[in-house]
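Asks: Residue strings, one per chain:
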Amino acid sequence: MGRPEPRVREQHIAMFGESGSGKTVLLSSFYGAAQEQSFTAKRLFHLLADNTRQGNRLLQNYLGMKRTATVPAQNRFAATSYSFAIKLKDQGDAKSARTRPFDGLRLVWHDYPGEWFEEEPDGETESARRVETFRSLLRSDVAVVLVDGQKLVDHAGEEEKYLKSLFWGLRDGILRLEDDLLDDGEPLAEFPRIWIIALSKADLHPDLDVHGFHDLVIEKGADAVGALHEVLERMVQVPDALSLGEDFLLLSSARFTPERIEVTERVGLDLLLPVACLLPLERVVQWAERFDIPRKWLNRLADNADALAAALVGAKALGMVLQKVPRVGPLLEKLALPALAMAVKVSASKIQEINAEARANKDYLTAVMTQFRLDLDQGAEDGLLLKSRR
Amino acid sequence: MRIIWATRGRSWGFRFLPDGGHPDPLPVYDRAFAGTENESTVCRRVGPLLALRFPDPEGRQDQAGRVIPHDVVVEGAPADDMSSFDGGLRLVWPLIADTFERVWELPRPPSSMEAGGA
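Here the protein sequences line up with chains A and B, keeping their order.
The first sequence begins at 1 in the working numbering and counts up by one.
The second sequence begins at 391 in the working numbering and counts up by one.
Simulated from the structure, these hints should not be mistaken for laboratory data.
Treat each hint with caution, since some may be false.
[What the hints assert, rightly or not] Where chain B lies over chain A, by a calculated footprint (3+ residues, C-beta under 8 angstroms): (1) 55-67; (2) 105-117; (3) 120-129.
[To be verified] Now the in silico label distances, taken between C-beta atoms and shown as ranges: (4) A/Lys-161 <-> B/Ser-430: 31 to 37 angstroms; (5) A/His-155 <-> B/Gly-477: 42 to 48 angstroms; (6) B/Ser-430 <-> A/Trp-168: 32 to 38 angstroms; (7) A/Thr-68 <-> B/Ala-424: 54 to 60 angstroms; (8) A/Trp-168 <-> B/Gly-477: 45 to 51 angstroms; (9) A/Asp-209 <-> B/Gly-411: 51 to 57 angstroms; (10) A/Arg-53 <-> B/Leu-485: 31 to 37 angstroms; (11) B/Arg-450 <-> A/Ser-96: 56 to 62 angstroms; (12) B/Ala-424 <-> A/Gln-37: 30 to 36 angstroms; (13) B/Glu-504 <-> A/Thr-52: 27 to 33 angstroms.
Beta carbons are placed, not taken as given, at the ideal position from N, Cα and C, and that holds for glycine.
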């Protein structure tokens with residue numbers, strides 16, 4: 001009998017940003033740094049590009065920054081979806097493989113030429129390519145809108161001008177394509193429900209923590225963020241389940257000086273995997289506490305929520321909660337709010353305990369997921385990540 | 391000899407300037423430059439097409455501080471003149487230099503009228 005196919009859960013992240021805002025640099029740094037010996041030694045997983053050619057291109061970008069202070073070439077007329085396998089270092093024995101909820105994770109990161117949202121296409125092929133790209137972007141689990149740190153510097157004292165042009169530009173770009181993006185004019189079910197506002201090139205703002213960044217965006221750009229929110233709400237089913245302007249993140253791919261690009265001085269990039277995997281799960285619980293979510297929507301609002309929750313606290317612990325939930329139907333058996341809430345609300349000290357136990361038992365999946373949760377907590381403590389408090 | 395020229399301005403993004411008479415220049419561009427995404431200079435023949443990529447000879451940069459590249463596809467190029475990168479550059483750059491000087495600092499992408507004349 002052949003070896004069974006590994007069961008892989010896939011999370012998608014869409015990085016929105018204007019041309020030159022650092023999308024490709026972030027992606028190259030995210031992947032390149034994960035190939036460094038110093039990174040892999042500390043982690044329980046390998047980050048591997050599913051497509052070797054794509055992986056080598058990103059690594060080439062990273063090495064160009066690191067060794068010759070060369071920034072990656074601009075994207076021209078083409079978007080690319082990069083698929084990364086998060087492969088556990090130790091797959092465990094057959095028994096542990098059978099009992100864990102899944103075997104590995106995949107992160108799909110969508111990159112595109114920044115001007116595509118701002119300018120009209122040249123010809124039919126580019127036009128069709130853009131629509132296809134934005135349809136993929138708008139089916140991701142998490143969206144990140146990049147606020148360009150350099151442009152904030154350039155607009156010091158009148159940041160509202162830049163923030164307005166950024167958020168209104170994104171709004172107008174989506175509106176322009178609205179008919180092509182919707183299915184038969186119907187609001188979308190699968191849609192990024194969390195839109196994180198992230199400061200790229202955060203190294204240019206050493207005195208700004210995520211709280212200061214939040215205050216700046218809200219003070220100078222709340223109306224523009226609100227205008228984008230309004231358009232997104234129109235495009236999506238269950239529009240209450242949509243967070244924009246609630247989560248903030250600081251990102252820096254490296255420290256840039258005219259002579260050097262110091263790639264070891266990265267900020268926030270290690271939070272992207274935990275954010276893509278855990279934030280949707282946490283958020284669906286928060287939403288359910290605020291309003292009634294039709295049961296059939298639970299799984300659609302947060303892809304893989306059941307499996308990720310089981311990996312976070314262990315399938316056994318989750319199963320014990322599920323036993324206490326009245327059985328209503330097969331869906332509820334798989335995914336029940338009390339179980340999700342339990343997984344999300346486990347205290348930091350308990351998570352630490354589960355993490356230590358999972359490492360000792362070589363249950364790498366739970367060890368990785370609990371580490372993600374600890375990383376998110378640390379990111380918040382370090383002033384890099386601000387999660388919605390609603 | 392017809393050319394398709396893709397470039398960007400300081401603040402506007404990549405687009406085709408004179409489109410070589412193609413209403414949809416991207417498929418021809420793709421054929422000529424496929425697989426060269428990370429190359430800063432290119433000079434190669436693909437069937438009847440010549441693909442030439444070079445950084446702006448005057449070192450002009452986009453808003454993010456990256457030197458602006460010029461991607462040119464030449465159809466029906468005289469073989470001798472285009473057999474080397476330098477030969478290609480000598481032939482092509484004079485055809486587009488004035489247009490680029492005129493449009494690269496515009497705040498928005500140039501209209502076909504503004505981009506005409508190459």
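Asks: Now tell me, hint by hint, if it's right for this structure.
Replies: Results for each hint:
1. 55-67: holds (count 3)
2. 105-117: Result for this restraint: holds, n = 4.
3. 120-129: Holds: 7 residues of the stretch 120-129 of chain A have a Cβ under 8 angstroms from chain B.
4. A/Lys-161 <-> B/Ser-430: 31 to 37 angstroms: For B/Ser-430 against A/Lys-161, whose Cβ atoms are near 33 angstroms apart, the range 31 to 37 angstroms holds.
5. A/His-155 <-> B/Gly-477: 42 to 48 angstroms: holds (44 angstroms)
6. B/Ser-430 <-> A/Trp-168: 32 to 38 angstroms: Once the Cβ atoms are compared, 34 angstroms apart, the range 32 to 38 angstroms for A/Trp-168 and B/Ser-430 holds.
7. A/Thr-68 <-> B/Ala-424: 54 to 60 angstroms: violated (25 angstroms)
8. A/Trp-168 <-> B/Gly-477: 45 to 51 angstroms: holds (47 angstroms)
9. A/Asp-209 <-> B/Gly-411: 51 to 57 angstroms: holds (55 angstroms)
10. A/Arg-53 <-> B/Leu-485: 31 to 37 angstroms: holds (34 angstroms)
11. B/Arg-450 <-> A/Ser-96: 56 to 62 angstroms: holds (58 angstroms)
12. B/Ala-424 <-> A/Gln-37: 30 to 36 angstroms: holds (34 angstroms)
13. B/Glu-504 <-> A/Thr-52: 27 to 33 angstroms: violated (43 angstroms)
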